[in-house]
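Q: Below are the chains, spelled out letter by letter.
Protein chains: 2
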Amino acid sequence: MMQRGGLAVAKAAMRQPLRRMASLSLNNINQQVLTAEYAVRGPIVLRSAQIKAQLASDPSSLPFDNVLACNIGNPQAVGQQPISFNRQVHALMTCPDLLASPEAAKIFPADAIARAKEYLTSVPEGVGAYSESQGFAIVRQQVADFIAERDGVPANPKDIFLTDGASKGVEFILKLMLRGSSDGVLVPIPQYPLYSAALALADSHMLGYELDEADAWALPMEQVEKAVAGAKAKGVQPRALVVINPGNPTGNSLLRPNMEEIVRFCAKEKLVLIADEVWTAAREIQPTGDCRHGHHSPLTASFPPQVYQENIWDEGRPFISFKEVVSTMKDAPPVELVSLHSVSKGFLGECGIRGGYFELAGFDPEVQAQLLKLVSIGLCSNTMGQIAVGLMVRPPKPGEPSEPLYAQERGAILSSMKRRAAAVAASLNALEGVSCNAPQGAMYAFPSITLPPKAVAAAEAEGMAPDAYYAMHLLENTGIVVVPGSGFGQKAGTWHFRTTFLPPEDQIDLVGERMAKFHGEFLAKHA
Amino acid sequence: MMQRGGLAVAKAAMRQPLRRMASLSLNNINQQVLTAEYAVRGPIVLRSAQIKAQLASDPSSLPFDNVLACNIGNPQAVGQQPISFNRQVHALMTCPDLLASPEAAKIFPADAIARAKEYLTSVPEGVGAYSESQGFAIVRQQVADFIAERDGVPANPKDIFLTDGASKGVEFILKLMLRGSSDGVLVPIPQYPLYSAALALADSHMLGYELDEADAWALPMEQVEKAVAGAKAKGVQPRALVVINPGNPTGNSLLRPNMEEIVRFCAKEKLVLIADEVWTAAREIQPTGDCRHGHHSPLTASFPPQVYQENIWDEGRPFISFKEVVSTMKDAPPVELVSLHSVSKGFLGECGIRGGYFELAGFDPEVQAQLLKLVSIGLCSNTMGQIAVGLMVRPPKPGEPSEPLYAQERGAILSSMKRRAAAVAASLNALEGVSCNAPQGAMYAFPSITLPPKAVAAAEAEGMAPDAYYAMHLLENTGIVVVPGSGFGQKAGTWHFRTTFLPPEDQIDLVGERMAKFHGEFLAKHA
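Going line by line, the protein sequences match chains S and G. If you count the first sequence from 1, position 202 lands on 202 in the numbering used here, and the numbers rise without skipping. If you count the second sequence from 1, position 29 lands on 29 in the numbering used here, and the numbers rise without skipping.
Excised from the complex, chain S in its bound form (with noise of 0.2 Å):
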C-alpha cells in the first residue's frame, strides 16, 4: 500500500508542480480510506460518466448512442415513479399551510391530508425541526406496530432508531462494536459491498463466508464456522454476524430451520447478529397463487401474516423475520440483534429521501444507551426521510380513499419489474458459458460467467479482475453498465456480474441485444 501510495504521490508531484506543499497526501491519510473500495461506485461507473459526456456531445463517436445504467439499484432514475400517496403527505407536511387552503382539498385526497394532519398533531414544529436523535416518535410508533403485525410478537419504539437509509444504521451498529484490527465481522460473499467498505474504515476484518450458489445461494453453516475458525486461528475475534435476507445480490430467502441454527449460533460464539432485511418489500415481485395488487402485501399490516405469505412469497419461501425467529424459537437463547429495513427498495424506491430504521432486540441497556448517544453526536437523521418511514410501514388500507390508486401503482411497478426480470435472466441464460439463478431480489441478477484463458490472461496483465475486465469492455462497446462480481466478493475461479433490470421495459430488450452482441464478439476476441 505504501509503494503504490508513494508511485501515485511522485507521479502527482510530477503533474501538479504547485501541489507539492499540500499537507495532504496519499501517504499521510488516514489508510483505511485508501484501503476501502466501493465497487457500485467504482472506475467502471466512473468511466461510464466520462463515455455519457462524450455521447452527450458528439453522440457518433461511439458504436452506440446512450448509456444502460444496470449498476445501482436506484429506481427512480430510470424511469420508475414514485408513489403518489407518500408524495403527497410529503408536500403537505413540507407547506403545512396548505392543510388550511380551499384548493388543497381539490388536489389532495383526504386520507393524505388526514395523515399529515396526523404527524402534525404529534409532531407540531413539522420537519425543520431537529427531531428526537432516534427520530420522531409517532413513526417509531408506527414501525413497532408494523414489526408488531408482522411477526405477531411484541415491539418497543424506544427500541427503533430511523436512520438516513438502512446504511447509515450499518455504520453506527459496526462503529459501536468494533474495537480496530482485533476484530471482523462475517458477512456473506456474495455481499453488499458496503459492508466491505465500512469494515475497511472501521480497520477491522472481513470474515467472509460463502452462500452457495448451486443451492439458489443457500447459507451454508459450515462456511460459517470455517470462516470463524479461520479468524480465531489468526487472532482475529468476530463480533457479529451479517446475514442479507433476502439476499442481496442473490435474492435468496432463509427457511426457518437455517435461521434457527444461525442463531442458535451467534449466541454460542456471542455474535451479534445484524438482519440485513431490507429486501423484505423487494421478494412481493414473486407472487405465486393469486395476489391480487397489494391487498395482501407485507407491507400491509392489516393482514395477519399467514395470508399474505401463502399469497405473495414462493413456494416454500415465506419471508420470515430474525425478530421473529429469535422471538419465538424453542429455548431461544439470548441474542443480540438489528434487524434493518430502508425505503430505497422495491416498489416504493425512494432512494434520495434516505429513509430507514433499525430494530435492535436483546442489547444491555447501556449498550443501547451508547448507542444513541453514538447517534445523537449526528443530532438526528433527515426528517422527511423519517415520514417516508412512517408511509412505508402505514400505507393507506382498504377502504381508504388512496388505497385503490395506490395499490394500482404498486401492482404496476411490482408486475413489470416481474417481467423484466424474467427477460433479463433469459438473455442472460441464453448467452454461452452464462448462468442466472432466476432473480429472486426485484432489483438484480448476479449471473456467473465462465471467461476464457485468454480473457483471464488479458485481465491479468492489465492489473485487472477478469470480470471487471469483462465489465469494462461491456461499457466500451455497448454502453451497458454493471458491477463486477469481484465487487461483492465471490467464490475463487468464478466471476459474475451484477446487473440491475430496472430500466424501462422498453429498453431491457435493447440491453439484451447489445449484450449478446458483444459477448459473441468478446468469447471470439480471447478465443
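It is possible that part of the hints are untrue.
Where chains are identical, the list cannot tell them apart; a pair therefore holds if satisfied intra-copy or between any two copies.
[To be verified] In silico EDC-like links for lysine to aspartate or glutamate, alpha-carbon gap of 16 Å or less:
1. 226 to 269
2. 106 to 509
3. 175 to 203
4. 52 to 261
5. 491 to 222
6. 226 to 509
7. 52 to 132
8. 525 to 125
9. 373 to 37
10. 397 to 432
These are computed hints drawn from the structure, not numbers from a lab. What you are looking at is a predicted structure, and each value in this text was computed from that prediction instead of being measured.
Use these hints to put chain G onto chain S, whose structure you have.
A: Just chain G now, kept in the frame of chain S:
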C-alpha cells in the same frame, strides 16, 4: 475508563441478570464511543425529557408549568416559521404532478413553480433517486455562483460537496485525514462539541486553543502556537486547524489581518484549515446603518459584497470568508482549505431537512478523489436537503414575485431575534456575578458565571463540573434547559453556560424572570 466501564457492567449485571449472556458490554464495545461526550444532548437534556413527561402527567407536581428549551439551536422547535418560498419549492419537487395542475397556479407563486421546473429540468428523475455522490450538479453550480459573488474569486462545482448538514461534512473531512492517536486537530475553546465528539470517535486528540473572552472572544495566535507546541511535546502531530467564524457559541467575527496570520500559520505547520462558516447567515442580526429587510443580505448574491458588508455587518467587523482571504492575500502560501456552510442556522433554521455543503480549495487532486470515494460509500446526501442548499444560496431576487414576502418573513425573524438577544443579554448581565458579551451570533449567549466556593465544593462532591451543577439546579427549579460551559471547553477556573434566545418573545421575559429568581436563591443557598 476501564474501571468505570467495569463497575457499570457489574451494576448492569446485578440489575439485569438475563443480560449476562449479552455479547456486547461497556467493556468490549468501541471505547471511543464510551469516551465521546456530546454536551448538547447530554444528561441535562435527558433529565429535561423526564421533567417534561412528569409535567405532562402531573402538571402541579413541580414549581413551574413548562420546560423552556434553551439548549439547542433548533429554532423551528420553538415557534420560528419556515420561509414560505423555500417550502413551496420543496412541495413542488416532492409532487412534480402539481406542476401540471391548474389549482397549483393558484396556490404557488410563479417563481416557486419556475424554480421547481428549473431543478426538474436538470434532474428529471427528481428527488426520489440517489443523486451523484457529491450532490446535484445544478445545486453545486448555484453554490459555486454564490461563493464567487460573495468572494469575488472563482469557485468550481467540482470542489463543492453537498452534505446532510454541516456536521456530516466535518465527519467526512476528519475521517479522511486522521490516522488515530498520533494525530490531533486544533479546535477553539470554547468550541462546538461536535468537534470534541468527532475527535474522540476518531481516537485522535483535540488540541484546544483558548479564545480571549476579555477581547470579545478574539483568536490570539499565541494560544494556537502554544497548543501546537504542547501537542508536539507529547508526540502528537497537529493535522488541521478548526476556525469557527463567526464563532459558536461566541459570535465573534475575525478581522482580515488575523485571518492572514492564520493562513500563514497553517501553511508553515502544514495544517488543513477547516473554516466552519455556518454562522455567516446568523451574523445578519447585527445590522448597522440603513439595512432594509433582506435586500442587502449576503445571501442575496445579486448585490456586490461591499454593499452588504457596509450595511449589514457590525462596525469594522464585516464577515470575510477564508476562501476570499486565501485567494486574495499577497504572497498567499499554498494551504488546503475546507469551508463549511449549512441551512440549519440563522433565519432559515431548517435543521430537520439536513442540508449543508463544504467547498475544498488547494487539495491534491488524488486526495480529493479519495474524499469523493469516502463520500460515495454513503451514496449521497438526502436530496431535499440538497434542494434546501440551492434555495439558501439563490433566494428570490428583487423583482421576482416571492421576493417581498421572503424579505418580510426574513426581516421579521431577524428583528425579533435581535430584540430577544438584547433582552437575554440584559437579564443575564443584571445577575450578580454573571457577565455576558453582547451576543453577536444569531442564537446563543455564552455568559460567564462566578460560582461561590460552596457551590464548587458541592458540585465536586457530586462528581459534576460546577457549571453542570448550576445548570442541573436551574433545570430542576425553573424548567430552563441550558448547556454547561464545560461541554464546550473553557479557560480553567472560569464557568459558563450557553443559552439560546430562541423561545418566542412572550416567553423570553419569563426566562429572564425565572432565571433571576433562581440565581438569587442559588447564591443564597451556597453563600
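Q: With reference to the structure, classify each hint as holding or not holding.
A: Hint check results:
Taking the closest pair of Cα atoms, residue 226 and residue 269 come within 16 Å of each other only inside a single copy of the chain (13 Å); across copies the shortest separation is 50 Å, beyond that limit. Taking the shortest alpha-carbon separations for residue 106 and residue 509, neither the intra-copy value of 41 Å nor the inter-copy value of 44 Å comes in at or below 16 Å. For the identical chains of this complex, residue 175 and residue 203 are neighbours both inside a copy (11 Å) and across copies (12 Å), given an alpha-carbon limit of 16 Å. With identical chains, the CA atoms of residue 52 and residue 261 are never at most 16 Å apart, being 48 Å at best within one copy and 45 Å at best between copies.
For the homomeric pair residue 491 and residue 222, the shortest alpha-carbon distance inside one copy (15 Å) is at most 16 Å, but the shortest distance between copies (59 Å) is not. In this assembly of identical chains, residue 226 and residue 509 lie within 16 Å of each other by CA distance neither inside one copy nor across copies; the values are 42 Å within and 68 Å between. In this homomeric assembly, residue 52 and residue 132 come within 16 Å of each other (Cα to Cα) only across copies, at 14 Å, whereas the closest approach inside a single copy is 42 Å. Taking identical chains as interchangeable, the C-alpha atoms of residue 525 and residue 125 are never at most 16 Å apart, the minima being 64 Å within one chain and 38 Å between chains.
For a Cα distance limit of 16 Å, the shortest separation of residue 373 from residue 37 across copies, 8 Å, qualifies, whereas the shortest one inside one copy, 29 Å, does not. Taking identical chains as interchangeable, the C-alpha atoms of residue 397 and residue 432 are never at most 16 Å apart, the minima being 47 Å within one chain and 61 Å between chains.
This entry does not satisfy hints 2, 4, 6, 8 and 10, going by the numbered hints stated previously.
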